[in-house]
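Chemist: Assemble the complex: chain A is given as a structure, and chain B must be docked to it using the hints.
There are 2 protein chains.
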Amino acid sequence: MKYQLYYWPGIQGRGEFVRLALEDAGAAYDDVARGKGGRTAMMAMMQGGEKRPPFAPPFLKAGKLVIAQVANILFYLGPRLNLAPKDEGARLWLNTLQLTVTDFVKEIHDTHHPVGTGLYYEDQKPEAKRYAAGFLDERAPKYFGYFERVIDRSGGPYLLGREVSYTDLSLFQLVEGMRYAFPKGMKRIERKIPKIVAVRDRVAARPAIKAYLASERRIAFNEDGIFRRYPELDK
Amino acid sequence: MKYQLYYWPGIQGRGEFVRLALEDAGAAYDDVARGKGGRTAMMAMMQGGEKRPPFAPPFLKAGKLVIAQVANILFYLGPRLNLAPKDEGARLWLNTLQLTVTDFVKEIHDTHHPVGTGLYYEDQKPEAKRYAAGFLDERAPKYFGYFERVIDRSGGPYLLGREVSYTDLSLFQLVEGMRYAFPKGMKRIERKIPKIVAVRDRVAARPAIKAYLASERRIAFNEDGIFRRYPELDK
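As you go down the protein sequences, you meet chains A and B in turn.
Mapped onto the working numbering, the consecutive letters of the first sequence carry residue numbers 1 to 235.
Mapped onto the working numbering, the consecutive letters of the second sequence carry residue numbers 1 to 235.
Extracted from the complex, chain A is given alone in its bound form (with noise of 0.2 angstroms):
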């Protein structure tokens, strides 16, 4: 099966959760925005006169099926991929995981967009920083130290153990984004997650996200993604 994703081209974004996970199991794909076209086509699916419409990108199609939603790819492509389990139970509890990604996700976008997404950056900059500073102290140590136990108590070195899921190619995507949109915060942040920094470093060195991440498909982190390193916000 090749997969269609759509995602706005030029940004890593929510769709890296997907594009890597893809890479890793050398998934057939196009990535359609980002051909000609592309971001046209990616438009109509959502405003046009689709029976199951997606509110946003990243969606993928799959053969007939649209699906959005990044955890919700995730967990349809998971086990696809074997980047997931198949039985029911530990399935859920990755998808719990997943899900504890997106809202952390969300989190981080808001350190640049406190007051809206519909506004500037620049029209919200001493939010951002009030929004930052607590960002940086409480939320993402947080949620770095939850995903830090569960790699505790799963035995390790992964989230689930002996054998890597989507989820751990995104804390690598986690890693590497708040190094590039934080580096003194997250400096900080890593003394006290080693396991993750771990799983960064072992995801990192598996040949096709290597690849991958060498090659033009990988989009540079910039300061239209999630991700964004304005120094203002990294104190």
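No lab work stands behind these hints, which were simulated from the structure alone.
You may find that some hints are simply not true.
To be verified - No more than 25 angstroms apart at the CA atoms, straight line, and that leaves these computed lysine to any residue pairs for SDA-like:
id : chain 1 : residue 1 : chain 2 : residue 2
1  : B       : LYS51     : A       : LYS129
2  : A       : LYS64     : A       : ALA44
3  : A       : LYS61     : B       : ASP87
4  : B       : LYS235    : A       : PRO126
5  : A       : LYS64     : B       : ARG91
6  : B       : LYS142    : A       : PRO9
7  : A       : LYS184    : B       : LYS51
8  : B       : LYS235    : B       : LYS51
9  : A       : LYS235    : B       : GLY118
10 : B       : LYS142    : A       : MET46
11 : A       : LYS210    : A       : VAL164
12 : B       : LYS86     : A       : ARG153
13 : B       : LYS125    : A       : HIS113
14 : A       : LYS86     : A       : GLY63
15 : A       : LYS61     : B       : GLY89
16 : A       : LYS142    : B       : ASP87
17 : B       : LYS61     : A       : ARG153
18 : A       : LYS210    : A       : GLY26
19 : A       : LYS187    : A       : ASP201
20 : B       : LYS61     : B       : PRO79
21 : B       : LYS210    : B       : ARG179
22 : B       : LYS142    : A       : GLY155
23 : B       : LYS51     : A       : ARG153
24 : A       : LYS129    : B       : ASN222
25 : A       : LYS51     : A       : TRP8
26 : B       : LYS51     : B       : TRP8
27 : B       : LYS51     : A       : MET46
28 : B       : LYS235    : A       : GLY118
29 : A       : LYS106    : B       : ASP87
30 : A       : LYS125    : B       : GLY118
31 : B       : LYS106    : A       : TYR76
32 : B       : LYS106    : A       : GLU223
33 : A       : LYS125    : B       : HIS109
34 : B       : LYS61     : A       : LYS125
Stated by the list, open to error - Which stretches of chain B does chain A cover? Using the computed rule of at least three CB atoms under 8 angstroms from a CB of chain A, they are:
id : segment
35 : 67-73
36 : 144-155
As the list claims (entries may be wrong) - Pair ranges (Cβ atoms, derived):
id : chain 1 : residue 1 : chain 2 : residue 2 : range
37 : B       : ASP103    : A       : GLU50     : 28 to 36 angstroms
38 : A       : ARG188    : B       : PRO157    : 48 to 56 angstroms
39 : A       : GLY48     : B       : GLU232    : 38 to 46 angstroms
40 : B       : ALA214    : A       : GLU190    : 26 to 34 angstroms
Beta carbons: idealized from backbone N, C-alpha and C, even for Gly.
Modeler: Below, chain B without anything else, positioned relative to chain A:
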């Protein structure tokens, strides 16, 4: 199977989306943290020795499984409570919709806590006013407009067409909560979402829901929950 629901006592909050499904189906469940010693038991499941600790309430114990995150709990319960279709494509579609409810709920929460969950509302009132204005003008109409379109495309009267689902129960809760928190703003919005209001009315008329709403099990809306009535935010 008797379920154990764990959620903060005293508020509807995110737990209510699960309660509505359990109540509608007449499922047997304990609302653990509202009973004696229940809150301590809930904290212990998060911070104690669980092999798969939840990050936050609500979570559901179903036999040996512990399932956290509202959309994940409902994904599990849906077919078991006859509130979701059984085929994979339709379940994933319903999950897409429920995860869009999750995103909406987070933005509703942030109307009173835009700068940080660790701070009091009183410490972020100017920011909340700014956030709430954009929320009522753009975000809430966008989310509701989306669900209205989904009902329209399905042929109605529900999100999936002729059969009610757990996400219709969530839509009911969104309308009730928005009417409580933003009576003026919601009045304007409701003019454009007649199909959602019709879902709300159908759900309210379901015998088990009607009985639940009239019972002591339904906690009243209040200013500790997701939906808070702060008149200064409701322009």
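Chemist: Confirm or reject each hint.
Modeler: Going down the list of hints, with the structure as the test:
{"no.": "1", "hint": "B:LYS51 with A:LYS129", "in the structure": "violated (37 angstroms)"}
{"no.": "2", "hint": "A:LYS64 with A:ALA44", "in the structure": "holds (16 angstroms)"}
{"no.": "3", "hint": "A:LYS61 with B:ASP87", "in the structure": "holds (17 angstroms)"}
{"no.": "4", "hint": "B:LYS235 with A:PRO126", "in the structure": "holds (24 angstroms)"}
{"no.": "5", "hint": "A:LYS64 with B:ARG91", "in the structure": "holds (14 angstroms)"}
{"no.": "6", "hint": "B:LYS142 with A:PRO9", "in the structure": "holds (23 angstroms)"}
{"no.": "7", "hint": "A:LYS184 with B:LYS51", "in the structure": "violated (32 angstroms)"}
{"no.": "8", "hint": "B:LYS235 with B:LYS51", "in the structure": "violated (47 angstroms)"}
{"no.": "9", "hint": "A:LYS235 with B:GLY118", "in the structure": "holds (18 angstroms)"}
{"no.": "10", "hint": "B:LYS142 with A:MET46", "in the structure": "holds (13 angstroms)"}
{"no.": "11", "hint": "A:LYS210 with A:VAL164", "in the structure": "holds (16 angstroms)"}
{"no.": "12", "hint": "B:LYS86 with A:ARG153", "in the structure": "violated (33 angstroms)"}
{"no.": "13", "hint": "B:LYS125 with A:HIS113", "in the structure": "holds (17 angstroms)"}
{"no.": "14", "hint": "A:LYS86 with A:GLY63", "in the structure": "holds (21 angstroms)"}
{"no.": "15", "hint": "A:LYS61 with B:GLY89", "in the structure": "holds (12 angstroms)"}
{"no.": "16", "hint": "A:LYS142 with B:ASP87", "in the structure": "violated (37 angstroms)"}
{"no.": "17", "hint": "B:LYS61 with A:ARG153", "in the structure": "holds (19 angstroms)"}
{"no.": "18", "hint": "A:LYS210 with A:GLY26", "in the structure": "holds (12 angstroms)"}
{"no.": "19", "hint": "A:LYS187 with A:ASP201", "in the structure": "holds (16 angstroms)"}
{"no.": "20", "hint": "B:LYS61 with B:PRO79", "in the structure": "holds (17 angstroms)"}
{"no.": "21", "hint": "B:LYS210 with B:ARG179", "in the structure": "holds (18 angstroms)"}
{"no.": "22", "hint": "B:LYS142 with A:GLY155", "in the structure": "violated (44 angstroms)"}
{"no.": "23", "hint": "B:LYS51 with A:ARG153", "in the structure": "holds (6 angstroms)"}
{"no.": "24", "hint": "A:LYS129 with B:ASN222", "in the structure": "violated (30 angstroms)"}
{"no.": "25", "hint": "A:LYS51 with A:TRP8", "in the structure": "holds (22 angstroms)"}
{"no.": "26", "hint": "B:LYS51 with B:TRP8", "in the structure": "holds (22 angstroms)"}
{"no.": "27", "hint": "B:LYS51 with A:MET46", "in the structure": "violated (40 angstroms)"}
{"no.": "28", "hint": "B:LYS235 with A:GLY118", "in the structure": "holds (18 angstroms)"}
{"no.": "29", "hint": "A:LYS106 with B:ASP87", "in the structure": "violated (30 angstroms)"}
{"no.": "30", "hint": "A:LYS125 with B:GLY118", "in the structure": "holds (19 angstroms)"}
{"no.": "31", "hint": "B:LYS106 with A:TYR76", "in the structure": "holds (24 angstroms)"}
{"no.": "32", "hint": "B:LYS106 with A:GLU223", "in the structure": "holds (24 angstroms)"}
{"no.": "33", "hint": "A:LYS125 with B:HIS109", "in the structure": "holds (21 angstroms)"}
{"no.": "34", "hint": "B:LYS61 with A:LYS125", "in the structure": "violated (43 angstroms)"}
{"no.": "35", "hint": "67-73", "in the structure": "holds (count 5)"}
{"no.": "36", "hint": "144-155", "in the structure": "holds (count 5)"}
{"no.": "37", "hint": "B:ASP103 with A:GLU50: 28 to 36 angstroms", "in the structure": "violated (19 angstroms)"}
{"no.": "38", "hint": "A:ARG188 with B:PRO157: 48 to 56 angstroms", "in the structure": "holds (53 angstroms)"}
{"no.": "39", "hint": "A:GLY48 with B:GLU232: 38 to 46 angstroms", "in the structure": "holds (40 angstroms)"}
{"no.": "40", "hint": "B:ALA214 with A:GLU190: 26 to 34 angstroms", "in the structure": "violated (53 angstroms)"}
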